[in-house]
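**Student:** Chain residues, written in single-letter form:
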Amino acid sequence: MKKLLFITTIFFAVTGCTKSFLNTTPSDQVSDGSFWQSDADAIAGITAVYDQMQHAYQIYGFIPETDGITPNGWIWSGYKNGYSAIAEGNLLPTTTTPVADKWTQLYNGIYKANLAMEKIPAVNMDGTLKNRLLGEARFLRALFYYNLADYYGGVPILRHALQLGAPLPGRDSLADVLKFVEDECDSAALSLPVSYGGADVGRATLGAALTLKCRALLLGKEYDKAAAAAMKVRSLGKYNLYSDYAGMFTNVSAENNSEVIFDVQYAAPGLGEGSPMDGLMAPLSSFSKGWDQIFPTQDLVDAYEMQATGLPITDPASGYDPAHPYDGRDPRMDYTLVRPGATWKGIPYSNLAIGTGGANYLGYLPRKHVLTVDGFNWGDSPLNFIVFRYADILLMYAEAQNEAVGPDASVYAAIDSVRSRTGVNMPAIAAGKSQDEMRDIIRHERRIEFAFEGIYYSDIRRWGIAKSLMDGRVIKNINGQQLDVWHFADALYHWPIPQAEIDLNPKLTQNQGYN
Amino acid sequence: MALLQVNAKGLSQNVTYSAKHVSLEKVFSVIKQQTGYVFFYHSRDIAGAGQVDVRLKNVPLEHALEECLKGQPLTWSIQGNTIVISKRLVVAPSSGAPAVEPPPPPPITVHGRLVNQRGEPLAGVTVAVKGGKNMASTNENGEFTLKDVDAAATLQFSGVSVESYETRLNGRTELNLTLTAKFNRLNEVVIVGYGTQKKVNLSGAVATVNYDQELQNRPITDVSQALSGMASGISVSQTTGQPGHGGAVLRIRGVGTLNDANPLVLIDGVVSSLNNINPNDVASISVLKDAASASIYGSRAANGVILVTTRRGKEGKAIVRYNGYAGFEKGSHLFKPVTDYVTYMKMMNGINKADNPANTDLFKQATIDAWQNATDRTLFPNTNWIDALFDRGSVTNHNLSISSGSDKTNFYLSMGYQYEKGIMQATDARKYSLRLNLDHKLSSKIKVGGNIAAYYNKINEPYDVTTLIYYSANSTPGTTPYLVKNGQLMYGGRNTDDESNNVANPLQYMRTWFYPQTQQYSFGKLFGQWNILKDLVWDVNGSAELSNNGYKQYKLAGAIQNLWNFQKNQITVNNANVPSVLLQSSSNNVYLTLYSTLHYTHNFGEDHHVSALAGTSREYSNGGNFSGSIQGFPGNNTWELNAGLSQPKVTGSSSANTLSSYFGRVNYDYKGKYIVEGNLRYDGSSHFAPANHWGVFPAFSAAWRLSEESFFKNAGLSFVDDIKIRGSWGKLGNQNIGNYQFMNLYSAGQNYIFGNTLSAGLAPTKLSNPNITWESTTTSDVGTDIVLLHQRLALTFDWYDRRTNDILVQLPLSSLYGGLTAPYQNVGIVQNKGWEISLNYRDKVGELTYSVSGNLTQNTNTVLHFQGNPDVIQGTGNNSVIKQGLPIGALYGYVAAGTFKNQNDIDKWAKQKLSGSNKPGDLKYMDIKQDGVINGSDRAYLGSVIPKYTYGFSAELGYKGVVLSALFQGIGGVKRYLSNLWFTSAIRPGREINSYFLNAWSAANPNSNIPRLTTDNNGDNTQASSFWVQNGSFLRLKNLQLAYTLPAKWIKNSFITGLQFYANATNPVTWTKYPGLDPETGNYTDYQMENPNVKIFTLGVNASF
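Chains as they are written, first to last, in our numbering: chain A, 1 to 515; chain B, 1 to 1105.
Bound conformation, chain A alone:
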């Protein structure tokens, strides 16, 4: 027996295991303990926050899609899962795309920004750079909150990354969120530069923070403060209207031009940093290229004024010729969409596959965000997406000033400068407009100027006119065939809080009209 015990002891001594054997670490990821040590780490952490805008369809990845649920556009019937259900008045708290997706993607950006803002202060690095990086994170976080407020109303404001098991907060009011955005923009403005050197182009600037502030104030209907914020951007003297309206959305060489205040930067091919917009919006002329998901409507086409008179086509004095409906129109029409008689990539309209047979298509194709050159794969377009541009500042100024003070000369000047851009050359607004008339003029101008830029859906809800524009709307194609009837209920001014979020956090209350 002794022998047996001895052998057993030897056995375990020989074959036993060392402690470190069980400690394995990944070689392709960085662990918490070894990150946030250097300025490179801090920069990488902030880069990941920017990345959120680029990859999330529901933030800016495919925001022009929202034009498909305004009178501007229509979403292809085959893609009727997300947005077009909204157009038809069927927005549900349980909808995942886009309702829950947008919420999640925005909070993902907020999480990354919060994490960076918590960790960077302790990083041993250059103070100026640290300050700037923190300002960038602050701006991006505010941008995500602004989007949440725009779509959902009041949401929980999280200033720190939540720990597992921490109590979940309820909603803050819409006013509080907008106030938070405003304050954060002011705070970020203190540490953000007016512009960057070549290697940093694309980062958040002072102008971006002020523009965001202006947007938030306008959403909160604080018109005097909004006008002041817009004026502050104008007074930076850094921005002006770019001369090539069409190229601004289709040409890589026009990127980061003098009109751009803030954009989502993309690069392609083959870097994994391309934009999906071209792929989603280009015509279905080949299988692996465009998906043809949204189309401009006849309604949008009809909204373009006659260039010579500045009058709508419905006005007998406009000079509109129904026999040649596309002649003499606001040039922005052809910069924005493809219509009969036009060409795309050199292909005549008549040869483009736009579904004349199936009656599933409207007869117009979008041109903004669609590449005019070959050589890029699906989902890998190099075109930047402009979030804020100077024309927006001018028209936001006009709107805020008109609301706060009335249609003074500065309002006319701001609108006219947008209309008289080189290559657009629309006549000036006739003098003597009332505040209400001017309001309509500004709304029309925003619709035309920003068509298919993902702005109009926010605008019509902000203005409270979405219901009158959308409810009972009949969608017809170019041949006058009816494709769809839309509905809009009051509840739709805000999206519902995703049901899954309420289920997980009973403190979240649902928006009105969704119970």
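Straight-line Cα separation of at most 20 Å, DMTMM-like style, residue types lysine to aspartate or glutamate; simulated pairs: (1) B/K130 to B/D45; (2) B/K766 to A/D101; (3) B/K133 to B/D150; (4) B/K198 to B/D722; (5) B/K908 to B/D938; (6) B/K20 to B/E66; (7) A/K238 to A/E255; (8) B/K32 to B/D607; (9) B/K649 to A/D28; (10) A/K476 to A/D299; (11) B/K32 to B/D45; (12) B/K199 to B/D607; (13) B/K353 to A/D484; (14) A/K345 to A/D374; (15) B/K133 to B/D148; (16) B/K766 to A/D41; (17) B/K199 to B/D669; (18) B/K525 to B/E619; (19) B/K766 to A/D32; (20) B/K1049 to B/E140; (21) A/K476 to B/D355; (22) A/K476 to A/D302; (23) A/K3 to B/D539; (24) B/K919 to A/D484; (25) B/K766 to A/E118; (26) B/K133 to B/E166; (27) B/K929 to A/D503; (28) B/K346 to B/D361; (29) B/K70 to B/D53; (30) B/K766 to A/D28; (31) A/K2 to B/D535; (32) A/K476 to B/D361; (33) B/K1052 to B/E140; (34) A/K3 to B/D535; (35) A/K467 to A/D299; (36) B/K32 to B/D53; (37) B/K883 to A/D503; (38) A/K225 to A/D186.
Everything labelled a hint here was simulated from the structure, so no lab data went into it.
Keep in mind the model is a prediction, meaning the values are calculated, not measured.
Model the placement of chain B on the given structure of chain A, informed by the hints.
**Tutor:** For chain B alone, coordinates are given in the frame of chain A:
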């Protein structure tokens, strides 16, 4: 006699035994135990021998026999593996008186060959002349020769594995006999964790599959398929008929976790996969079902353990075996689309008009008329795309093995080749495999050996099959698959402008986008065994498993991608500018195992038998992958990365995990009557944080062999051979989650562009939970094993309760956590409770032998606790739920109550507005909450995807070398969810219509309960509901086989020693109500469709030399 001497010498083995005053029978039994030789004697011959003293210390067998028979009136001879003890011939002193009897007839020489019912030669059977001394033993080919036999004698045949038999010679000199295998259930040896045990002594629940006997000749491409219907408690789902993807999904006693529920598989003691072994090399399979039998594998045994051993060489003449078969495959069930384009067009127009009367017709009357009147079906096709994609498949298999051995070295060598062409065109797979198992005795105390196995598997398929089947719905009958014109291959697009320009050509996808895969696998294991002491053995095993899997995905470029309108002879979809693309990926995995055990067996006195085991083990696994892509190839024959032109890209990653273990087992039995056993395993895993590395997994079991009690033996129940009652309890673990789950990690690749250049971004993508620890499964099992009717009938019954605690669940996480992937948390409790029974009866009537087997398992799966508020709705289409009181993955949704027949019906019904307003023909759902509104809270449990019943039964008939066998397999009480592109009421122009929906509701067919077909965005009808839940129960004739073994005399004069021909049908008949591709598919939603299971018909030959 010379031959026998050689044999005896060749087989010599050493004996160690010392005792005083023991009976000869006792001595023989010791020698039998130590050498494996069987004794053959008449008890009256040795009755007079009395008691003997022996002192044998490691002496050769022959010496041992001489020693213990010294001074006895007995002699010995070795014949095959039988030692024959007989009376020593006493030569009578010669007397002057000559015999007066007449001279006997001249003696004859008898040749013969013995086979079993399967026609396999029986070696080592003793052939003796009744009442005489003359005897012989059969060789490896089952042959014997007896000289100087009285022509009127009776021959007796006996051996350990056959029923005794006698026959009168009546002058015959040639005997070819088929002997019946002896029912020897009580001596069955079962492979258990780190050892073997006699089945009668088992106290745990172990199912065994007699692989060699039951599964020979079946066209099995993966060993997992072999378990189907063969044993109780095991559910086998063959999820695909795709060549090269033959592995079936195995579940032992239900599903006990929300994570990986696959059982642990060990091949020759090393963790592996059933895919890694050539089915022809399998010797035995044991399935460890309860905690007592499995807990020696501790932290990975919670889902059950499958132990596979491979064939090894045996001493004796070399046996060369060839087994080959070939045959064809057919789809078991495929979709039936509407293939008449005129019908299709009219339906589409009708659907479109019904959606909205203002809609214009999709198809003009002129187009419909043109098709109606056309005769040229190339320009006006009625294409059946299922026929265009699927074809007849084939299968071919060759397997050659050589097994041989001497007193020192044995080996088994095998080579296999397998080819399978799938029913989907452009799919095939070939596999080459090799194995060498070697055993060598260095000395009487030290044995060493090794196993080497390797295979190379090459799979060709289009990219990718599951999507392609799903996607094949994206065309219409009006599209021509392809045409060759002036030597140019052209694929068809829409032939009329009325058709959606969205219409695709699945055949073109199949033939222009390729996905070849290769799998290289090599396994090496070395082991040594040292008998340190008489009762103590030290084993050391080390192994390395290397696998290297690679694939390419490449797509042809340019004009071949164009789709043509053949009527107009023009391109309708121009893809000429699409670049050629190649993605190449390679992944490799190394798995190192080192384990060592000490085995101690000792008998204290006659009645107390103790065996104990102690062991340690270490395992290391490291996997990595590398892939690159590039586009723009100069031609369609240069698919290597360096031939590409633009946009090169690479990615790669790797990760590792380790496991360290200590384990032990103590087994004690008293007189073979009372058996108790304890197991313990202590496992440390790198999957958890250092504080949670280690887990303890104990198990206890006890058994009582009632039939060994004297009161039972005296009760005169002679039909009872054995009754054992057993019970066990134990705790097992599961750690099958990904690596590094407890760590807070920053993922790279969240990059962005600044200044038009790439900038690296890092951020967490998941929230971590450092507190995660082992899932633990507690299993209680009570069972009985009964053998009756002289071992003809065996019955096993088990009742079990298997409860998994601390299930690692990724609980849904509020997006306020940043939308990060949820961390694992130990929160769930799941119970599997049930019983299982298996029966086997075999007998013979004259020359007809037969056997019948059956097994049935009933399992109830219940989520007992799930910390998650609310219920987690999951699955594609939100059709399943994890909810307390329901089974895992319970189907969940609205309860459909037919269709709305008219507007009045809608108005009267509860307000049902899930995604739009309703029309007649829409599904109406039950207002479960009875609040007048149909919404999310009216959803209910719709059925379980885990079968309630799993069963199998088989029968075999044998008559004079002909064997007919059939195996049935089935499941019951199971639902499947079927809703996909191929099976939907949501129609889209440019897509197939499943003819199942021809009977859908319409104004003309108002009584149908199949919802109206619509191109609308009305999602009400496609909500998860009971309408899409189908009965997934089925009964399948899994295998039917007819085999014929040639009578031995036909091949007597050839080098062939055995020859069998067989015909085999796999899955020839299935009884089911399931309308999808195959009820056996294991996936829950059928969203991505697998290549359906196939029927296989083969002819084969099995020959030995």
